[in-house]
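Just so you know, the sequences run in chain order X and H.
So the first sequence is numbered by the working numbering: it starts at 3 and just counts up by one.
So the second sequence is numbered by the working numbering: it starts at 207 and just counts up by one.
What the hints contain is simulated information worked out from the structure, not anything from laboratory work.
Treat the hints with care, since some could be wrong.
[To be verified] List time: in silico SDA-like cross-link candidates among lysine to any residue, alpha-carbon distance up to 25 Å: (1) H/K297 - X/V415; (2) X/K5 - X/L17; (3) X/K411 - X/Y340; (4) X/K268 - X/A103; (5) X/K63 - X/A103; (6) H/K228 - X/Y340; (7) X/K112 - H/P272; (8) X/K252 - X/K268; (9) H/K215 - H/I253; (10) H/K214 - X/Y340; (11) H/K298 - X/D334; (12) H/K215 - X/R373; (13) H/K289 - X/A103; (14) H/K298 - X/R383; (15) H/K215 - X/Q346; (16) H/K228 - X/D323; (17) H/K281 - X/A34; (18) H/K298 - X/G333; (19) H/K228 - X/D54; (20) X/K36 - X/G68; (21) X/K38 - X/A70; (22) X/K112 - H/L282; (23) H/K289 - X/E351; (24) H/K228 - X/K40; (25) X/K268 - H/K298; (26) X/K112 - X/R96; (27) H/K281 - X/D334; (28) H/K214 - X/M325; (29) X/K40 - X/R373; (30) H/K297 - H/E211; (31) H/K215 - X/I65; (32) H/K289 - X/D52; (33) H/K281 - X/Y105; (34) H/K288 - X/R96; (35) H/K288 - X/A320; (36) H/K214 - X/K268; (37) X/K63 - X/P104.
[As the list claims (entries may be wrong)] In silico negatives: residues of chain X with every beta carbon more than 12 Å from chain H: (38) D148; (39) A280; (40) D338.
Being a predicted model, the structure only gives us computed values, none of them experimental.
Here a beta-carbon is modelled for each residue, glycine too, at the ideal position from N, C-alpha and C.
The chain contents come next:
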Amino acid sequence: MTKALNELSITEAALGLQAKEFTVRELWDACASKAKEKNAELNAYLELFDADDAAIASAQKRIDSGDAPLLCGIPLAIKDNILIEGRVASAASRMLENYVAPYDATVIEKLRQTGALFLGRTNMDEFAMGSSTENSAFGPSKNPYDITRVPGGSSGGSAAAISAGIALGALGTDTGGSIRQPAAHCGLVGLKPTYGAVSRYGALALGSSLDQIGPLTKTVADSKALYDVLSGHDPRDAMSLPDGMYEASKTVEKFRIGVPRHLLEKGLDADVLENFNATLARLEEKGHTLVDVTLPTSAYSLPSYYVVMPAEASTNLARYDGMRYGHAARGDTLLDDYVLSRSQGFGEEVQRRILLGTFVLSSGYIDAYYRKAEAARDVLRREYRNAFESCDVIAFPTTPSPAFKFGEKSDPVSMYLEDIFTVTANLTGMPAISLPMGTVEREERALPTGIHFTADNGQEELLFRIGAEVTGETLY
Amino acid sequence: MADIEDVKKLAALARINIPEDKLAERAAEFDRIVSYIGQLDELNIQIDTTPEASALRNVFREDGEPTPSGTWTEKLVAHFPKKEGNHLSVKKIISYD
């Protein structure tokens, strides 16, 4: 049986378009009509865009001319914290509910140049703070595998949309796991590129030393196709890496896979660990070798992250004061204007993290928390670099458990623990990918799990290659 | 450990108002988070302020006009909650009465 057009991967759809099996309009209509039908239940999109007739016609023309890039005519979903000129970009916050983006983010500009199309803007945790989309000011998204469960977060709307077949691929942002964790919970491939590899110009900032934009896709080939377009130096993002900053990817045929067993001794569901071991065993059968590695400071990654990220978030979010744009409440004095705008505009989790950031940066505490956490990042980078002397990539599960139920993690710390495996790559800046790792059963439902690989800075190519080994794809 | 007074003070610094009836709950949560990140106490590492042989450094652009004046004015002014012409209008900060 042939797949419905909305069920195709990006690469499959591109081949179909080039072979004239269907038109750009037919592909768009298939995705857009399915999205309208399914979104009421899933709340994956905060807004579905009308068809851009000019863009569709122009994409078709390029395909007909036989000289179209792979992404030409492909309908994608965009996380609501990435600016698309003339569209609302709310970061799922009341603060920016009516904020219309004055310009395109660099990644949007790049996608437009390839002829990609935008289906809509996807739901997320408010300002990307959360792991479930439950912190969205506009209601949570549902996991298509089981709608009583979260899709993960913060890029949960993007993940739910692809998983439900209402986007062929999507952009997310990842500050502590916000692309990789929802990818794991929705059975997808999610890539957090090397820090600085993809421009953040036009992305609403959370933690500026951690944030990266990256792709969520059905396959590794799609992930690579999007990454190849998104990456590259951009003078408009001061932290954008100059081209050639890191040595070009090593060529590896047989991988040495580092496994930090000491991190997997507790806190992990038994069947998730079984899937992990089974996936590693399959890789060994293919001729790759497993290497024991130790990353002793990893135990302190999550507490370090929950110092650095709120510190940066409280600084970044100081700009939302109701003066020039965003939610603007008015009281008797100028101070009232600030306080009312911020108290009404920000949801609880955002307020919580602003307070925490204010705390760890305050004089008297900055050494014990912020500077200590920054020092821990240096140690983590060193430990990973040492580990990469004896291995090419490092593997662990993306999350300790499959997708959880709504309301299950109402205590903030229990929600934060969802990121225990993913935050380290943001602290070190190194690239990381989550890939489907089979399912586990919960309440008679099969729920996806994810395997996570980290590589050294600039080595995305190694992640795609090991990813293709896991999924059984042929990349080249 | 953090108490209600600490949370009130931080909220004031951050220009956020936490309603009285929420203060106890928010302080308790805050205390749990602070004790979680307090694990960093156990970590015995040197705090070295010189960046570790890192390739990361601050990048500055050349002085000058990155965009011609007026390029963004209309779009940005459209967001102002209150304006006079192209000027942002805000409350008086100092009063003399």
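Comparing the hints with the structure gives:
{"no.": "1", "hint": "H/K297 - X/V415", "verdict": "violated (40 Å)"}
{"no.": "2", "hint": "X/K5 - X/L17", "verdict": "holds (14 Å)"}
{"no.": "3", "hint": "X/K411 - X/Y340", "verdict": "violated (31 Å)"}
{"no.": "4", "hint": "X/K268 - X/A103", "verdict": "violated (45 Å)"}
{"no.": "5", "hint": "X/K63 - X/A103", "verdict": "violated (28 Å)"}
{"no.": "6", "hint": "H/K228 - X/Y340", "verdict": "holds (20 Å)"}
{"no.": "7", "hint": "X/K112 - H/P272", "verdict": "holds (20 Å)"}
{"no.": "8", "hint": "X/K252 - X/K268", "verdict": "violated (34 Å)"}
{"no.": "9", "hint": "H/K215 - H/I253", "verdict": "violated (28 Å)"}
{"no.": "10", "hint": "H/K214 - X/Y340", "verdict": "holds (16 Å)"}
{"no.": "11", "hint": "H/K298 - X/D334", "verdict": "holds (11 Å)"}
{"no.": "12", "hint": "H/K215 - X/R373", "verdict": "holds (22 Å)"}
{"no.": "13", "hint": "H/K289 - X/A103", "verdict": "holds (19 Å)"}
{"no.": "14", "hint": "H/K298 - X/R383", "verdict": "violated (49 Å)"}
{"no.": "15", "hint": "H/K215 - X/Q346", "verdict": "holds (19 Å)"}
{"no.": "16", "hint": "H/K228 - X/D323", "verdict": "holds (22 Å)"}
{"no.": "17", "hint": "H/K281 - X/A34", "verdict": "violated (29 Å)"}
{"no.": "18", "hint": "H/K298 - X/G333", "verdict": "holds (12 Å)"}
{"no.": "19", "hint": "H/K228 - X/D54", "verdict": "violated (46 Å)"}
{"no.": "20", "hint": "X/K36 - X/G68", "verdict": "violated (29 Å)"}
{"no.": "21", "hint": "X/K38 - X/A70", "verdict": "violated (28 Å)"}
{"no.": "22", "hint": "X/K112 - H/L282", "verdict": "holds (23 Å)"}
{"no.": "23", "hint": "H/K289 - X/E351", "verdict": "violated (32 Å)"}
{"no.": "24", "hint": "H/K228 - X/K40", "verdict": "violated (37 Å)"}
{"no.": "25", "hint": "X/K268 - H/K298", "verdict": "violated (58 Å)"}
{"no.": "26", "hint": "X/K112 - X/R96", "verdict": "violated (29 Å)"}
{"no.": "27", "hint": "H/K281 - X/D334", "verdict": "violated (28 Å)"}
{"no.": "28", "hint": "H/K214 - X/M325", "verdict": "holds (24 Å)"}
{"no.": "29", "hint": "X/K40 - X/R373", "verdict": "violated (47 Å)"}
{"no.": "30", "hint": "H/K297 - H/E211", "verdict": "violated (30 Å)"}
{"no.": "31", "hint": "H/K215 - X/I65", "verdict": "violated (60 Å)"}
{"no.": "32", "hint": "H/K289 - X/D52", "verdict": "violated (32 Å)"}
{"no.": "33", "hint": "H/K281 - X/Y105", "verdict": "holds (9 Å)"}
{"no.": "34", "hint": "H/K288 - X/R96", "verdict": "holds (19 Å)"}
{"no.": "35", "hint": "H/K288 - X/A320", "verdict": "holds (20 Å)"}
{"no.": "36", "hint": "H/K214 - X/K268", "verdict": "violated (37 Å)"}
{"no.": "37", "hint": "X/K63 - X/P104", "verdict": "violated (28 Å)"}
{"no.": "38", "hint": "D148", "verdict": "holds (28 Å)"}
{"no.": "39", "hint": "A280", "verdict": "holds (32 Å)"}
{"no.": "40", "hint": "D338", "verdict": "violated (9 Å)"}
In terms of the numbered hints stated before, the structure departs from hints 1, 3, 4, 5, 8, 9, 14, 17, 19, 20, 21, 23, 24, 25, 26, 27, 29, 30, 31, 32, 36, 37, 40, listed from lowest to highest.
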